[in-house]
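Novice: Residue-level listing of the chains:
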Amino acid sequence: MPETLDSLKVNPIDCTGHGVCAELLPELIWLDEWGYPVVDPRPVPPQLDREARRAVAACPALALKLMRR
Amino acid sequence: MTTTVNEPAARQAAALPRLLPAAPEDLRRHLARYGPMPYRGQAGLLIGDIETSGLAGRGGAAFPVYRKLAIVARARGRKVVVANGAESEPASRKDELLLRAAPNLVLDGLQLAAEATGATEAHLYTHYGPTPQLLRALAERAAAGLDMVDVTITQAPPRFLAGQESALVNHLGGGPALPTFQPPRVTERGLRGAPTLVQNVETLAHIALIARYGPRWFRAAGTSAEPGSMLTTVYSPDGKCRVIETEIGAPLNTLLSSGPETRAWLVGGYHGAWLPLPKAAALTLDNGTLKKYGAAAGAGVLAALPSDRCGLTETARIVSYLAAESAGQCGPCLNGLPRIAAGLAELAGPRPRRQVRADVERWAGLVEGRGACHHPDGTVRFVRSALTVFAPELSRHEKGQCSATNRRPFLPLPDGIPTSEDDWI
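Same order as they appear, the protein sequences are chains A and B. Counting along the first sequence from 1, when you hit position 26 you're at 420 in our numbering, and nothing is skipped either side. Counting along the second sequence from 1, when you hit position 196 you're at 198 in our numbering, and nothing is skipped either side.
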């Protein structure tokens with residue numbers, strides 16, 4: 395069975411604060427008072443794997459990444 | 003392979019200062035003092051000695067030097083070494099003095115690092131660029147056939163982050179001196195894609211001595227966890243500034259006064275931390291000890307704030323500089339630092355609004371760990387230490403009082419805070 399050990403990471407230089415990620419994955423991403431994402435640093439739980447990949451694909455700035463820890 | 007140690011020279015160099023001669027030395031006197039260039043004849047051979055020596059980077063981050071050397075040595079293809087003397091920390095003067103007093107020690111270390119890693123390109127990146135003195139040192143070395151790799155000197159832009167590794171690599175590559183997101187680290191992919199070793203100039207000077215006298219000699223100074231000596235820039239309460247080479251682990255009160263003329267200590271520069279007196283008076287200058295106080299030795303900037311100054315006013319002034327020095331690339335830093343600076347300016351004045359302190363603390367939490375570089379983290383460390391150490395002063399300000407009797411700025415800042423984007427180039 396596929397096991398995900400990846401965690402979400404934002405490239406803060408590329409991120410322009412669109413906020414799409416927080417809309418798609420509120421379980422792991424929230425927006426700070428300036429509209430920039432704060433990301434849960436822990437590995438993405440398997441039940442959220444699909445949503446996490448969707449959020450990564452939807453980032454207009456290509457700033458959200460899934461990275462092997 | 004065993005290293006032949008030049009015994010008389012080693013004995014002479016064992017006492018402090020190790021790095022700083024009394025007056026600047028030309029190549030002939032440099033070689034007479036320290037002995038010939040200790041090339042090892044093959045890439046990689048020096049790295050074991052550096053590992054045994056326990057040398058950590060002297061640019062501020064105290065990263066184990068052998069690890070960066072080993073990563074670049076392992077890589078294939080074109081490789082680059084860079085001596086980093088940007089010294090963009092405004093209060094630090096030690097790299098400038100070292101390059102003036104002992105340029106050949108730094109250049110020895112740069113060549114030895116090139117040999118150890120197999121690099122074929124070498125750079126010296128400094129605040130002042132190619133001074134006549136550095137050019138003369140390079141010319142003397144060329145005439146003596148001492149260097150295996152040509153050295154290019156580049157001037158760093160006068161910005162706080164210009165010495166940050168990835169900013170440095172960008173600048174040498176012809177771009178603005180702005181940090182980039184890592185990974186990849188510059189040791190994996192640096193200048194024009196080549197694995198790049200960036201070491202502070204003082205670190206390279208230590209390498210030049212370890213290569214000559216061996217790791218045991220190096221470890222005779224310092225603590226067992228943090229061996230060796232380090233250069234510090236020390237500000238006494240009368241405003242005088244001296245560069246002092248000291249053993250790591252030296253009692254701070256041998257460098258800084260702790261008497262009634264001193265209000266607090268700043269350790270580690272503007273990304274460092276304030277320490278309370280008299281509570282901190284017995285601490286020693288090593289990260290193992292300072293860590294418990296949320297502080298670190300950093301690049302060795304130490305200051306004794308005189309008791310006639312207000313610590314909040316000093317902090318607010320420095321933080322407004324740090325906010326202006328944000329590269330402005332990362333949202334949290336771009337938005338958070340100016341707000342933190344404005345909050346501190348209010349706290350430094352009479353009767354700040356009640357919620358300001360909580361605002362500053364919340365913003366500090368919001369910027370920490372969220373930049374591509376450590377600028378927000380270092381700034382937050384400095385700010386938090388001020389809110390703790392100067393808490394009694396904060397209460398006075400809330401009542402409209404301030405204990406300062408002298409309003410003149412104490413900690414140094416560059417003349418004219420940069421305002422133009424062009425300054426990055």
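Source of the hints: derived by calculation from the structure; they are not laboratory data. None of the values given here were measured: they were computed from a predicted structure. Just so it is clear, CB atoms sit at the ideal spot from N, CA and C, and this is done for glycine as well. A hint or two may mislead.
What the hints assert, rightly or not - Pulled from the structure, derived: some chain A residues nowhere near chain B, Cβ distances all over 10 Å: (1) Asp400; (2) Val414; (3) Trp428; (4) Pro439.
Said to hold, decoys possible - Here's a subset of chain B near chain A, in silico, CB distances under 10 Å, partners left out: (5) Tyr41; (6) Ala64; (7) Phe65; (8) Ala144; (9) Leu148; (10) Met150; (11) Pro186; (12) Asn337; (13) Trp365; (14) Ala374.
Novice: Should the hint that Ala144(B) touches chain A count as held when the rule is a Cβ pair under 10 Å?
Specialist: Since chain A brings no Cβ nearer than about 40 Å to Ala144(B), farther than 10 Å, the hint is violated.
Novice: Please verify that hint: Tyr41(B), Cβ, nearest Cβ of chain A, below 10 Å or not.
Specialist: Hint on Tyr41(B): violated, closest Cβ of chain A at ~40 Å, above 10 Å.
Novice: Does the interface hint hold: is Phe65(B) within less than 10 Å of chain A, judged Cβ to Cβ?
Specialist: Phe65(B) check fails; min Cβ-Cβ to chain A is 20 Å, beyond 10 Å.
Novice: Can the hint on Asn337(B) be confirmed by a CB-to-CB distance to chain A that is less than 10 Å?
Specialist: Given a least distance of 4 Å, the restraint on Asn337(B) holds.
Novice: May I ask you to check that Pro439(A) keeps its beta-carbon over 10 Å from the closest beta-carbon of chain B?
Specialist: holds, 22 Å
Novice: Restraint: Ala374(B) near chain A, CB-CB cut 10 Å. Satisfied or not?
Specialist: Constraint on Ala374(B) satisfied, holds at 5 Å.
Novice: Using Cβ atoms and 10 Å as the threshold, tell me whether Val414(A) really stays out of contact range of chain B.
Specialist: holds, 15 Å
Novice: Grab the minimum C-beta distance from Pro186(B) to chain A and call the hint holds if it beats 10 Å, violated otherwise.
Specialist: violated, 12 Å
Novice: Just checking, Trp428(A) versus chain B, shortest CB gap more than 10 Å?
Specialist: At roughly 4 Å from the nearest Cβ of chain B, Trp428(A) sits no farther out than 10 Å, so the non-interface label is violated.
Novice: Against chain A, run the beta carbon of Met150(B) and see if the smallest gap drops under 10 Å.
Specialist: violated, 37 Å
Novice: Regarding the assertion that Asp400(A) does not contact chain B, is the least Cβ-Cβ distance greater than 10 Å?
Specialist: holds, 14 Å
Novice: Under 10 Å, Cβ to Cβ, is where Trp365(B) needs to be relative to chain A, so tell me if that hint holds or is violated.
Specialist: holds, 9 Å
In this structure, the earlier hints numbered 3, 5, 6, 7, 8, 9, 10 and 11 are contradicted, and the remaining ones agree with it.
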